[in-house]
Amino acid sequence: MKQLLVFIRKEFYHVFRDKRTLLIMFGLPVVQIVLFGFALSSEVKNIRIIVADHARDVHTQQIVSKIKASPYFILEEQVWDYNRIETAFKEGKATCALIFPPQFGDDLLGQGRVQVQIITDGSDPNIAKTVVNYLTAMLGEYQQQLNPTARVPYRIVAETRMLYNEEGNGSLNFVPGVMALILMIVCTALTSVSVVKEKEMGTMEVLLVSPFKPVLVLIAKAIPYLLLSLANFTLIILLSVYVLDVEVKGSVPLLFAESTLFIITCLSLGLLISNATSSQQTALLLSLMGMMLPALIFTGFLMPLENMPLPFQVISNIVPARWYYLIVKAVMLKGLGFSYVWKETLVLAGMTVLLLGLALKNFKTRLQ
Amino acid sequence: MRALGFILRKEFRQILRDKTILAMMFVMPTIQLIILPLAMNFEVKNVNVAVVDHDHSTYSQKLVNKIGSSGYFKFTGAPASYAEALALIGREKADLILEIPSGFERNLVREGSQPLGISVDAINASKAGIGAAYLGQVIADFNARIDMNVKNAAPPASGVIDITFTNWFNPRAEYKYNVVPAVLVLLLTLIGGFMTALNIVREKEIGTIEQINVTPIKKWEFILGKLIPFWVIGMVVFTIGLCVSYLVYGIYPRGNLLLLYLFAVVYLIDLLGFGLLISTYSNSQVQAMFIAFFFMVIFMLMSGFFTSIDSMPHWARIMSELTPVTHFVRVDRMIILKGSGWNEVKQELVYLLCFGVVFNGWAIWNYRKTN
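Heads up: the sequence lines are chains A and B, in that order.
FYI, in our numbering the residues of the first sequence are 2 to 369.
FYI, in our numbering the residues of the second sequence are -13 to 357.
Some clues are possibly wrong.
[Claimed, not checked] A few chain A residues facing chain B, derived, Cβ under 10 Å:
1) Ser42
2) Ile75
3) Gln79
4) Gln144
5) Ser172
6) Val249
7) Met290
8) Gly291
9) Ala331
10) Thr353
11) Val354
Read the hints as simulated data drawn from the structure, not as lab findings.
Just so it is clear, CB atoms sit at the ideal spot from N, CA and C, and this is done for glycine as well.
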């Protein structure tokens, strides 16, 4: 036991000596939380629009001024030439165009039916779809103004309640995702490298011939990163509470317990990677680049899982970050208790046992 | 010059020797290119609705059928109470609860107005908003078609505005068109940024850089010897990427291929300079990797890969303009999807050249052969 403590202290020295890595380890969550909280949003705003108004009458002018006033649109220019639209799209100056036909107003009142055309730059489908929705709503509203009598006498009024997030805080969804991503990458990469480094430098042999048990070498390697990851986790929680105003609705001890479990899963994965590789370069590439992508894709926090092809949905089940993401969402954001997440916890625990077992079994006590 | 030839031979041999790294450089990008566009589909569909029907009347049945046939919604469970439905949301089985109060039909006829309760799981705020808006549309439509409303409707005073819309460059508004060019950028970025940084620091860490330092190899020869192999590999990966996107997704550059390659060449030089810069500031591979990773994450998130740059606040837009990734993602999409020509993209080339000069200049200035 005393030996183990000595070894753990040695590992801590290694960790604290490398100030830059330590800085990045704690800087990464800060930057991600700030970016996701304040810079990135899936809401589409500031759409640059071109209006081709061939009618120039009261109605079109009213609609154009509505667009100007809307926070969603920036009126880039008014054009009369069809070709100008294409150039603007190709230059990236505008992303959509609204075209009024000549005699818009006359047709609207006289003919009872008039067409407007929306052209969008489909290279960003998200914007293209939103533009059509926004403009349809605006034109519909204008129509309502013209026909105040057209309201129907019997009405079903939908009263919408936003559960768990009354203020529509857009960063809510990202917090558990960022947590899963950072813990997974930091734990896995750092643990695997710290073992492989000893191999590459040749110091592993020294450790193995010492009277210290080989398995304890691995445990001593993992413990500093477990503690650092917990510190990192606490930092993310504090940031999200005080910077992003995301409140922790559920039980904090439960959240910590689940996170510890997830960190251990990642550490085991890191140990397993270190068994399979012999150079730091490979270990780093595997654990950073190899882990980043599955963690990004299959947790479902950036890209909706339910839209993916079925094989991906199946694969997502073996990504630990996915289960952790579900747990954090339920406990932290929805305030649910253990009875809601026991299944996910069990899956994570099962993965941990499996990974740790494999890592310990494959740990070679002889190098050559 | 002769020395450079030897260094290049050595570097290529070292890179080609390590099969794992080689596989990661060529196989992983291809996998990414195939997987990412399939995975990135932000369309909101298949919203899971839990309907709590307290009324069980003809109208409530009709409404539920209408929602079911709209195509956006899937029914899940048959909760008998709001509490049960809430538990479904807690278990992530449902995204949305529609509660039809008892007396729905009776009140609608008598009072002329009847509230309906919709509760949305709003943790994903944008998805919740869209889901609720869809449901709102369906309800409004149902409303207009209620028998009594159809009979009573007054003829409209003015006409209807018909809206037709066209999506240029991507008629069906498919996400793959947006994602594939961006993934091509991602591939180049990973190779350029990570691999160079790692490779140089490795020499530092193992100590072989000392041996090179005592040879008559000049500083510029050493640096070029490190950069050129990754530049070549980057271009090969980019070409493979273009082929894969054509074969798998049918996406090929509409614009000039040479123009696209010109940008790729310059962009890769930027990134190699960046990798070099990182390597001059780090002492170990772990450090280099983490510093590179740190900046790559920021670059990628800010580049308009996932979210539109226009929607960002002002400070974030400035920050995003200050990364080379943003510019190349933009140009890549412009040339590949819209077929933009030289006149439309020349401005971006100036930016990329500036980044190249700054990164490489800074890195060479900071690199000292004896360290």
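Each hint tested on the structure:
1. Ser42: holds (6 Å)
2. Ile75: holds (8 Å)
3. Gln79: violated (19 Å)
4. Gln144: holds (6 Å)
5. Ser172: holds (9 Å)
6. Val249: Given a least distance of 14 Å, the restraint on A/Val249 is violated.
7. Met290: This interface hint holds because 6 Å falls under the 10 Å limit.
8. Gly291: Constraint on A/Gly291 satisfied, holds at 7 Å.
9. Ala331: Constraint on A/Ala331 satisfied, holds at 7 Å.
10. Thr353: At 22 Å from the nearest chain B Cβ, A/Thr353 fails the 10 Å test, so the hint is violated.
11. Val354: violated (24 Å)
In summary, the numbered hints that this structure violates are 3, 6, 10 and 11.
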